[in-house]
Amino acid sequence: MSNDPEKLESLLGELVRGQPLRRAPASLEARVLAQLALQQAPMPWWLRGFTHWPLAARAAFLIASYGFVRLAIAGVMSLVAFVGSRDFAGTAISWVHVGTETLSAVASLGSILVHTIPPAWLYGAAAFGFVLYALLFGLGTVAYRTLYVQR
Amino acid sequence: MHAYQDMVFSTAARLTGNDAQAEDIAQDVFLKAYENFDQLCSSPTAGGWLKTVATRLTLNHLSRYRRRWRFFSELHRDDSDDEPELEFAAPDLTPDSIIADIDAEQRQTLIEESLRQLPEHQRVPLVLYHFEEMPYLDIAKQLQVSLPKVKTDIQRARAALAKILARRGLLLASVVVN
Numbered sequence: 448m449s450n451d452p453e454k455l456e457s458l459l460g461e462l463v464r465g466q467p468l469r470r471a472p473a474s475l476e477a478r479v480l481a482q483l484a485l486q487q488a489p490m491p492w493w494l495r496g497f498t499h500w501p502l503a504a505r506a507a508f509l510i511a512s513y514g515f516v517r518l519a520i521a522g523v524m525s526l527v528a529f530v531g532s533r534d535f536a537g538t539a540i541s542w543v544h545v546g547t548e549t550l551s552a553v554a555s556l557g558s559i560l561v562h563t564i565p566p567a568w569l570y571g572a573a574a575f576g577f578v579l580y581a582l583l584f585g586l587g588t589v590a591y592r593t594l595y596v597q598r
Numbered sequence: 707m708h709a710y711q712d713m714v715f716s717t718a719a720r721l722t723g724n725d726a727q728a729e730d731i732a733q734d735v736f737l738k739a740y741e742n743f744d745q746l747c748s749s750p751t752a753g754g755w756l757k758t759v760a761t762r763l764t765l766n767h768l769s770r771y772r773r774r775w776r777f778f779s780e781l782h783r784d785d786s787d788d789e790p791e792l793e794f795a796a797p798d799l800t801p802d803s804i805i806a807d808i809d810a811e812q813r814q815t816l817i818e819e820s821l822r823q824l825p826e827h828q829r830v831p832l833v834l835y836h837f838e839e840m841p842y843l844d845i846a847k848q849l850q851v852s853l854p855k856v857k858t859d860i861q862r863a864r865a866a867l868a869k870i871l872a873r874r875g876l877l878l879a880s881v882v883v884n
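Read top to bottom, the protein sequences are chains L and A.
The first sequence runs 448 to 598 under our numbering.
The second sequence runs 707 to 884 under our numbering.
Just so you know, these hints were derived from the structure itself, not from any lab.
Heads up, some of the hints might be wrong.
Said to hold, decoys possible - Derived BS3-like pairs: lysine-lysine, alpha-carbon spacing no greater than 27 Å straight-line:
{"id": "1", "chain 1": "A", "residue 1": "Lys869", "chain 2": "A", "residue 2": "Lys855"}
{"id": "2", "chain 1": "A", "residue 1": "Lys757", "chain 2": "A", "residue 2": "Lys738"}
{"id": "3", "chain 1": "A", "residue 1": "Lys857", "chain 2": "A", "residue 2": "Lys757"}
{"id": "4", "chain 1": "A", "residue 1": "Lys738", "chain 2": "L", "residue 2": "Lys454"}
{"id": "5", "chain 1": "A", "residue 1": "Lys869", "chain 2": "L", "residue 2": "Lys454"}
{"id": "6", "chain 1": "A", "residue 1": "Lys855", "chain 2": "A", "residue 2": "Lys757"}
{"id": "7", "chain 1": "A", "residue 1": "Lys757", "chain 2": "A", "residue 2": "Lys847"}
{"id": "8", "chain 1": "A", "residue 1": "Lys869", "chain 2": "A", "residue 2": "Lys857"}
{"id": "9", "chain 1": "L", "residue 1": "Lys454", "chain 2": "A", "residue 2": "Lys857"}
No experiment lies behind these values; they were computed from the predicted model shown.
Construct all of the structure, not just a fragment, from the sequences and the given hints.
Written as structure tokens, this is what we have:
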């Protein structure tokens, strides 16, 4: 009568019946109370709503906001004025020219390199990279299974 | 909290098989209980509520953990049926006579340690059925798996647990190779 499911069920039922509870760690109560105390502690004013801020803080915030808005508007206005001027067109064109020149140089260099290296080397490098990736992935899996997973 | 902390911790610890995680879950359960303190303090079903919340939070925790590590976890999933079978010394014996006569504390330690050795997909339904006394159908709903799968997992878990207990001398049975 090996591995009889009914017998196993009644056997384990018998074993488990009346099994005492595990004792909770002594630190549990202290942790819960500490967390509750943390939740109930009054929040500092800067983490609460604007209406709960002190009067001076609210006034300072409004003044700072007004100054910031004025500064932003002045900035936008001067930017618009600069874009409308002739200087901007000349500067922008020169920057675009430098950018395209740099890109073109980098592309030429890359093309020369690719044509210089034999294709077998490129395939070999790609294969090596893949093998290295698979190896690291496998090592990670083995490390997880042996060191981390509790069996 | 004193009255229920062992129950909440036991539920979480048996399901997770990990005391540190169980303590975190138990903390969350009591914080939730505190949020509902007004209803719970006068309720005669507070214990049931705490047990339900502990079970639900533990299953949520396990499901999050499982999703995170699904790939790795399934690599070592082992349902092998080619393990040696368990054979009881005499089929006519009652469960009482198969269980070795050892003191209660040692028996508890052996059972808890053996439970921890089961893989999660076997331990969780087994604990829900035998320790939490949840019916098969409810377990299937909680774990979002089919009823036959729950029954199969529990059956395999029982066999695996019995083998571990037999090896550790708690069951008077022998593990035989067919």
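Hints, verified against the model:
{"no.": "1", "hint": "Lys869(A) <-> Lys855(A)", "result": "holds, 21 Å"}
{"no.": "2", "hint": "Lys757(A) <-> Lys738(A)", "result": "holds, 12 Å"}
{"no.": "3", "hint": "Lys857(A) <-> Lys757(A)", "result": "holds, 23 Å"}
{"no.": "4", "hint": "Lys738(A) <-> Lys454(L)", "result": "violated, 40 Å"}
{"no.": "5", "hint": "Lys869(A) <-> Lys454(L)", "result": "holds, 14 Å"}
{"no.": "6", "hint": "Lys855(A) <-> Lys757(A)", "result": "holds, 25 Å"}
{"no.": "7", "hint": "Lys757(A) <-> Lys847(A)", "result": "holds, 17 Å"}
{"no.": "8", "hint": "Lys869(A) <-> Lys857(A)", "result": "holds, 18 Å"}
{"no.": "9", "hint": "Lys454(L) <-> Lys857(A)", "result": "holds, 15 Å"}
When each numbered hint is compared with the structure, a violation occurs for hint 4 only.
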